[in-house]
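**Student:** Below are the chains, spelled out letter by letter.
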Amino acid sequence: MSFIILIAAGLIVPIFYRSNIVIAKLIAVIAFLLSAYFIYVGNSLNSIFPFFAVDKATMIMEFVLLATLAAVTLALTGFERPLIAQMLFLAGASLAFVETNNFFLYIVLFEVIAIISYILVANIRNFYNAEGAIKAFIAGAVASGVILLGFALYSFVTDSFIYSEMNVGGKYTLIAVAIMLAGIFYKLTVVPMHGWAADAYSQVNHAAAAILSGVIKSVVLFATFKAFYKFFVEYPTATILIFSFFAIITMTLANFMALWQKRISKILAYSSIAHSGYALIPFAAAASAYSYAGVLYYAVAYIFMQTSVFLILNDLRRELGVKYLEDIKGLYKKAPLHSLLFTIQIFSLAGIPLLAGFLSKAVAFYAGIDVGLWPIVLVALLNSALAVGYYVWIIKHIYFDEPKSSETISMSFGSLLGQLILLAGTIYFGIIATDIISATTM
Amino acid sequence: MLAMYLIFLPIFASALVYFITKNNESFAKYIALGWFIVLFIISISWLKVLPDSGFLFLGNFLSVPQFGFELTLQIDALSVAMLILTAALLILVVFTSWNEKKQAAYFSLLILFSGPIFGVFMTTNVLWFFMFWELTLVPMLFLIGIWGAENRIYAAIKFFIYTHVFAMFMFVGFYLLFKQTGYWDFTLIKEVALATPALIWWLMFLGFAAKLPLFPFHTWLPDAHVQAPSSISVILAGILLKMGAYGLIRFTVELMPVTTLQFAKWMLFLGLATTLYAGFLAIYERHIKKMVAYSSISHMGLVVVAISTMTYDGLSAALYEMIGHALVISPLFLIAGWLHHKTHTWYMDEMGGIMKKAPYVSAIFILAGMAALGLPGTMGFVGELTIIISAVKAYGWWVAVIALAGMISAGYIIWAIRRSIHGEMSPVVAKADFSMSLAEKFALGVYAILIVYFGVNPQPIFDIANKAFSFFGGM
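Line by line, the protein sequences give chains A and B. This note's numbering puts the first residue of the first sequence at 4, with every later residue one more than the last. This note's numbering puts the first residue of the second sequence at 384, with every later residue one more than the last.
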């Protein structure tokens, strides 16, 4: 039911958003609310089709996803309005994607989300937008090809595509899964498949970047863990080896790259890549009882904070022309509310307690310790301390420096509402861990 | 529930305080003062109801049963001592920053700070302990970075990153502890009493040592202290450094006594090195606030020496010295900062003859200085004496070398007094205006009274120590 509502709303919204964006936003938000309600009462895809299954963890992910997309919708203005319809489609596809129980559907929906993400970035206004969009498209196309190759190989050795019935012992399984993971790593922007991400995230419209780097990555992260869980447990040595290796190089390289950047959007883009590295640790620790909790917590926390920072940056770029670190000097005088919200979300990204970013790291990294991977967790923690270097640098520019000009801006109501939704998520999941942990442990 | 409000109310209400008082800035300090007095009264009232040994249970909150994780608030005499000290210093800090600029933001950050610092001393859950520990950094970052001296931004960011990095080692230590025992709560971990590998001990020790700070990890402190406004230096020296000492007592001594005994020699060595090395640095220093900062490091080294003895005497001495250090070093920092504010120079040899123009301040500087070098009748004497006695008892006569610390401090304190307070009046001092607000005078007076009172009558603090460390088989 929720799926139908979202797709229908996505078809209706384009009629309105040219004439009156408020009505379009209203329809979208009502659609998000309604679909959240139907998920809550248990009327989701699995009540109609057998290829879907919903557990509590999936439901939490879906609520978080709908709330975030509603927040993004509220914040949009101007020429970003076509995104409203795309987000409704994206929400529908993502709901199916996280709910699915079938490997074939996983691949199909992965492609659907990839195609929606190409449309998201295709809002081309200038040369730089085009560069970002093309990079995202080409990388996405390569990833799709690689995943299909792996899937083709894999389909030789299994009789069923249902997650729980899949045959994971065959001769080609390991190669096939490795190839598929290589493709998925493109979407998760894991080094060395990250080359496109920094440019795409920083060059396309920041509202689109918020969805691309915040929402889509979290959804892929969560769904991938569910899809491949059986392999991870079956081949612990290979899992630990692959994911630890990629986790370490991803976070280290991305953090060092972020330290050198002058553009704020690039810093955030590299920080997003670094976060992919941290998020791989619960994958490496799949054997732990906390790995599912770790992945879900990471996905939930990341979706709120990453979406929020890009949305605020979008506001700032539109109103103040903020691009480089110098442009945010003394921002707290020009835009106190933006600065406060930005600071809180940046602290969350940096892993300061009482914000979701901290607890998600705590749970995800504990999964690593639980299977004895403490050296890797130590590396990750030192990396996140290193990351504080550039996060604090942003905050330093906002609060400790004097502004160059004296113009002031205020936050629009829709944008504020959206930001408050995201802030509520960041704080709620930063203090109350019980929902996620009890949803994912038996 | 009350206990939880004490922690979370300031964290969430501080932004509200800021927006309420933004247009009427002087209200902020009254709100802060009122709140800190409430904290002080509650802390004192807890002292009355404490059991003779062990913990007073205040409640479990935010439970996550599947993960065995909850915010357990329990206090024993040691935590209450720290709470009272924290609340008292915060009240005095409000008085000493009575005329600070941008008051709404300043005092709402102080209020924000009071939440997590109470959390650190009240919770017995190691993960929550770590969360509050980290959260204290945020208000400090802004307080140093916005209100500090010329080089404040460098100092603030160095402070933040440095302590954050070392806290990460501690964090891994906590994880491994949970992995090994299955409990987050350290009173339960203690009962399980598994053999703790050296790795966990060292990871945790690193975190506390950097906060204290011990000798090789101390480099953030001179920068932070010198650049911070003097009231914030008081918080840094009086409260933040105590978190390190508190952590050492709680986690290394109480939680892992066997492993600590194994590495006690290392702690002793690092403590001695810190004391002597920082003392020599202080002698060498012309910069008045850096001199006080090094003297602060030197005294914290003494605390570590006392903790490393792992005896009832040593820990009581450590607790006494922690409180004594807070009360003695705070007026020194305040006066150092105040002198710079008035004379616009940091260097003692450019001052001189302050006694003639500002006798009240000079008298308190001399009194606090004498306490720092351990003059009988002040808190410094009791602290140093008990530490030397307990260390000699535990390790033999050769540890008496720490008595050298007293001589070194006599050197730098007396020389500092000679250069800045007495001596020829320099032109900077002659043309400076040494007027002082009543609030500041009051705060300095309170410090002076407390230094002498607890110096002559140390019993109340040792009573608390007796409650806190009686499990060592005390008096």
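It should be emphasised that the hints constitute simulated quantities derived from the structure, not laboratory data. Mixed in with the good hints there might be a few duds.
As a list, the in silico DSS-like pairs of lysine-lysine whose alpha-carbon atoms are at most 27 Å apart [to be verified]:
id	chain 1	residue 1	chain 2	residue 2
1	B	Lys739	A	Lys332
2	B	Lys405	A	Lys336
3	B	Lys541	A	Lys265
4	A	Lys407	B	Lys776
5	B	Lys484	A	Lys332
6	A	Lys407	B	Lys541
7	B	Lys776	B	Lys673
Ranges between beta-carbon positions, derived for each pair [what the hints assert, rightly or not]:
id	chain 1	residue 1	chain 2	residue 2	range
8	A	Ser413	B	Tyr537	51 to 59 Å
9	A	Glu405	B	Tyr730	48 to 56 Å
10	A	Ser167	B	Tyr537	35 to 43 Å
11	B	Ile666	A	Ser413	35 to 43 Å
12	A	Ala292	B	Asn443	16 to 24 Å
13	B	Phe402	A	Ser167	48 to 56 Å
14	B	Glu408	A	Glu410	40 to 48 Å
15	A	Arg320	B	Asn407	30 to 38 Å
Here the structure is a predicted model, which is why all the values come from computation and not from measurement. C-beta: ideal position from N, C-alpha, C; glycine also.
**Student:** State for each hint whether it applies.
**Tutor:** Structure-based check of each hint:
{"no.": "1", "hint": "B:Lys739 x A:Lys332", "result": "violated, 45 Å"}
{"no.": "2", "hint": "B:Lys405 x A:Lys336", "result": "holds, 13 Å"}
{"no.": "3", "hint": "B:Lys541 x A:Lys265", "result": "holds, 20 Å"}
{"no.": "4", "hint": "A:Lys407 x B:Lys776", "result": "violated, 63 Å"}
{"no.": "5", "hint": "B:Lys484 x A:Lys332", "result": "holds, 20 Å"}
{"no.": "6", "hint": "A:Lys407 x B:Lys541", "result": "holds, 25 Å"}
{"no.": "7", "hint": "B:Lys776 x B:Lys673", "result": "violated, 33 Å"}
{"no.": "8", "hint": "A:Ser413 x B:Tyr537: 51 to 59 Å", "result": "violated, 33 Å"}
{"no.": "9", "hint": "A:Glu405 x B:Tyr730: 48 to 56 Å", "result": "violated, 28 Å"}
{"no.": "10", "hint": "A:Ser167 x B:Tyr537: 35 to 43 Å", "result": "violated, 57 Å"}
{"no.": "11", "hint": "B:Ile666 x A:Ser413: 35 to 43 Å", "result": "violated, 55 Å"}
{"no.": "12", "hint": "A:Ala292 x B:Asn443: 16 to 24 Å", "result": "holds, 23 Å"}
{"no.": "13", "hint": "B:Phe402 x A:Ser167: 48 to 56 Å", "result": "holds, 53 Å"}
{"no.": "14", "hint": "B:Glu408 x A:Glu410: 40 to 48 Å", "result": "violated, 24 Å"}
{"no.": "15", "hint": "A:Arg320 x B:Asn407: 30 to 38 Å", "result": "holds, 35 Å"}
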